[in-house]
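> Those protein sequence lines, which keep their order, are chains A and B.
Residue numbering for the first sequence follows numbering that gives the first Met the number 0, starting at 0 and increasing by one per position.
Residue numbering for the second sequence follows numbering that gives the first Met the number 0, starting at 0 and increasing by one per position.
What the hints contain is simulated information worked out from the structure, not anything from laboratory work.
Hints may be right or wrong, so weigh each one.
[What the hints assert, rightly or not] With beta-carbon atoms standing in for the labels, derived distance ranges:
1) B:Gly18 <-> A:Glu116: 33 to 41 Å
2) B:Glu184 <-> A:Pro66: 47 to 55 Å
3) B:Arg79 <-> A:Pro61: 34 to 42 Å
4) A:Gly187 <-> B:Pro128: 43 to 51 Å
5) B:Gly8 <-> A:Asn224: 43 to 51 Å
6) A:Arg175 <-> B:Gln234: 25 to 33 Å
7) A:Arg49 <-> B:Gly18: 49 to 57 Å
8) A:Asn224 <-> B:Met21: 58 to 66 Å
9) A:Arg175 <-> B:Gly88: 46 to 54 Å
10) A:Gly187 <-> B:Pro261: 53 to 61 Å
11) B:Thr258 <-> A:Asp69: 50 to 58 Å
12) B:Glu184 <-> A:Gly48: 53 to 61 Å
13) B:Pro128 <-> A:Ser198: 48 to 56 Å
14) B:Arg14 <-> A:Asp76: 35 to 43 Å
[To be verified] Incomplete in silico selection of chain B near chain A, CB under 8 Å:
15) Glu115
16) His143
17) Leu176
18) Val177
19) Val178
20) Tyr250
Note that beta-carbon positions come from the ideal geometry of N, C-alpha and C, so glycine has one too.
2 protein chains.
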Amino acid sequence: MKIVTTAAGMQRLARGWQGQGMKVGFVPTMGYLHAGHISLVERARRLVGRAGVVVVSIYVNPTQFAPHEDLAKYPRDFKRDSALCRAAGVDVIFAPPDPEMYPGRATGDYSTYVVEETLAQGMEGAARPTHFRGVTTVVAKLFHLVLPTVAVFGAKDWQQAAVVQRMVRDLNFPLRLVVAPTHREADGLAMSSRNKYLSAEERPQATILWRAMQRAKAAVREAENGAVAAAALKQELAALIATQPAARLDYVEFFDPATLRPVAEVRRGAQLALAVFVGRTRLIDNGRV
Amino acid sequence: MKIVTTAAGMQRLARGWQGQGMKVGFVPTMGYLHAGHISLVERARRLVGRAGVVVVSIYVNPTQFAPHEDLAKYPRDFKRDSALCRAAGVDVIFAPPDPEMYPGRATGDYSTYVVEETLAQGMEGAARPTHFRGVTTVVAKLFHLVLPTVAVFGAKDWQQAAVVQRMVRDLNFPLRLVVAPTHREADGLAMSSRNKYLSAEERPQATILWRAMQRAKAAVREAENGAVAAAALKQELAALIATQPAARLDYVEFFDPATLRPVAEVRRGAQLALAVFVGRTRLIDNGRV
């Protein structure tokens with residue numbers, strides 16, 4: 000396994016693969032890897048085969064964090080990440096320091112961004128106004144450096160995957176994007192590097208996101224005509240979440256899984272997404288109703 | 000020479016070249032080709048060699064025109080363009096219709112843009128607020144469809160070349176950008192597809208841009224300490240341009256050729272850019288002082 004830390008070095012390697020017509024599978028991450036990330040790596044390997052190359056990027060991207068967010072304390076453990084990647088059969092880790100990705104940004108000399116203006120508006124985009132602009136920009140950069148044939152994103156960040164998919168389509172990136180299912184702990188909590196922030200008291204309460212999703216599914220299943228008013232169901236879930244003393248709902252939304260357009264009537268096949276603070280930790284999750 | 004009109008067809012072809020490690024030279028144009036364009040094609044050929052591929056795109060990009068601008072009447076002559084490309088040894092013309100480049104744009108289903116926020120602010124960006132966003136977006140798309148090793152832009156649109164160069168650097172596009180010199184008519188008028196709009200009375204007056212540039216050079220050359228106050232020189236050029244009855248100055252700017260930052264003192268090596276309406280035709284030009 001090779002570890003690459005410069006942008007030029009990564010692109011040189013990628014252009015070499017490209018000139019040889021090799022398939023490249025890419026899993027972009029912010030590190031602090033867990034079983035969810037590893038499942039994406041395994042998916043990438045299946046997609047490119049044994050003869051292909053699997054690249055994992057580990058980069059905590061500053062442009063997707065707002066000033067008050069957890070950039071500085073975002074968990075990092077490169078040694079452990081590196082061991083996990085090696086065990087999972089990763090060929091290359093791309094782990095650039097900030098000045099490699101945004102040279103001159105400190106002096107205002109970095110000035111190009113990719114913006115998606117429709118799917119990025121609601122939910123995470125409303126809660127974190129500059130977040131998706133940072134995501135689309137860094138993903139565009141990483142795509143140009145790694146030159147993947149296929150990129151694998153996790154479904155846990157449903158809106159992120161949809162926004163990146165739209166960017167790939169609109170800007171004609173020459174690659175295929177695959178969205179792989181969310182990995183969960185035994186009690187339903189979606190795997191996330193941020194779960195590490197949860198205290199022993201908070202951890203069991205964090206399953207409220209999963210329980211809220213099950214409640215929504217049950218409500219629709221039990222509805223006489225197979226539909227429930229979104230507003231009423233949101234209120235019900237908000238009340239359920241409020242039963243956990245450490246939990247505070249940020250948003251809950253029901254929407255079309257492809258267009259992300261909110262629905263007024265929740266039926267089978269609608270997508271549910273929620274963001275909940277558990278203590279000071281903000282968790283997101285989503286699922287098909 | 001091959002003519003490709005679909006995005007998928009162009010990208011398929013480009014990926015084939017890529018897998019074979021072929022060099023690809025790319026000249027993006029809006030068509031209605033003149034000797035300036037052909038000089039860019041020749042430059043591209045020299046850069047990729049006989050074994051390489053030269054692609055010219057012909058696409059009048061709607062997203063870089065404001066509603067009141069000349070999109071609908073922009074001159075088009077594909078037959079003539081095609082003959083000129085063939086004669087110049089072009090291998091592929093990529094000439095997509097709008098729905099290939101912006102599918103769903105009419106119904107609001109296109110939503111991703113590339114924005115450059117510093118170099119694109121002044122001059123053309125100030126005069127045409129959404130212009131560069133359209134340029135960077137379409138150029139990013141074309142780069143992803145043609146997958147060039149090297150792209151050749153003309154120096155006549157100096158700010159455009161600088162903005163695209165910044166985009167290539169910031170977003171790590173895997174290609175080299177070359178800026179080739181402006182081609183001029185015998186009397187100094189920069190070649191432009193828009194020169195066609197000029198009436199017989201306007202055509203000789205259009206040389207005022209070239210004459211203004213010569214005047215600026217002379218002023219700096221004759222200055223005792225090699226420097227002239229930009230404000231005074233702008234006034235002088237404005238007065239010179241006003242001597243032509245059909246001419247109306249839009250802007251004149253002196254700036255650093257790399258950063259595009261305006262300079263207060265004009266010295267040798269500064270860049271001068273101007274935009275002048277001659278009748279209803281808006282012409283731009285620029286040159287090193």
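> None of the hints should be skipped; say for each whether it holds.
Results of checking the hints against the structure:
1. B:Gly18 <-> A:Glu116: 33 to 41 Å: Since glycine 18 of chain B and glutamate 116 of chain A have Cβ atoms about 34 Å apart, the given range 33 to 41 Å holds.
2. B:Glu184 <-> A:Pro66: 47 to 55 Å: Distance hint for glutamate 184 of chain B, proline 66 of chain A holds at roughly 53 Å.
3. B:Arg79 <-> A:Pro61: 34 to 42 Å: violated (50 Å)
4. A:Gly187 <-> B:Pro128: 43 to 51 Å: Between glycine 187 of chain A and proline 128 of chain B, where Cβ atoms are some 49 Å apart, the hint holds.
5. B:Gly8 <-> A:Asn224: 43 to 51 Å: holds (47 Å)
6. A:Arg175 <-> B:Gln234: 25 to 33 Å: violated (58 Å)
7. A:Arg49 <-> B:Gly18: 49 to 57 Å: Violated, since arginine 49 of chain A and glycine 18 of chain B (Cβ atoms, about 19 Å apart) do not stay within the stated range.
8. A:Asn224 <-> B:Met21: 58 to 66 Å: Taking Cβ atoms as reference, asparagine 224 of chain A and methionine 21 of chain B lie about 60 Å apart, which means the hint holds.
9. A:Arg175 <-> B:Gly88: 46 to 54 Å: violated (34 Å)
10. A:Gly187 <-> B:Pro261: 53 to 61 Å: This hint holds: roughly 59 Å between Cβ atoms.
11. B:Thr258 <-> A:Asp69: 50 to 58 Å: At roughly 35 Å between Cβ atoms, aspartate 69 of chain A and threonine 258 of chain B fall outside 50 to 58 Å, so the hint is violated.
12. B:Glu184 <-> A:Gly48: 53 to 61 Å: holds (57 Å)
13. B:Pro128 <-> A:Ser198: 48 to 56 Å: Hint holds: Cβ distance 50 Å, inside 48 to 56 Å.
14. B:Arg14 <-> A:Asp76: 35 to 43 Å: This hint holds: roughly 38 Å between Cβ atoms.
15. Glu115: holds (5 Å)
16. His143: OK, holds: histidine 143 of chain B within 8 Å of chain A, min 4 Å.
17. Leu176: Result: violated, 13 Å to nearest chain A Cβ.
18. Val177: At about 18 Å, which exceeds the 8 Å cut-off, the nearest Cβ of chain A leaves the hint on valine 177 of chain B violated.
19. Val178: violated (18 Å)
20. Tyr250: This interface hint is violated because 21 Å lies over the 8 Å limit.
The structure does not agree with the numbered hints 3, 6, 7, 9, 11, 17, 18, 19, 20 stated previously, though it agrees with the rest.
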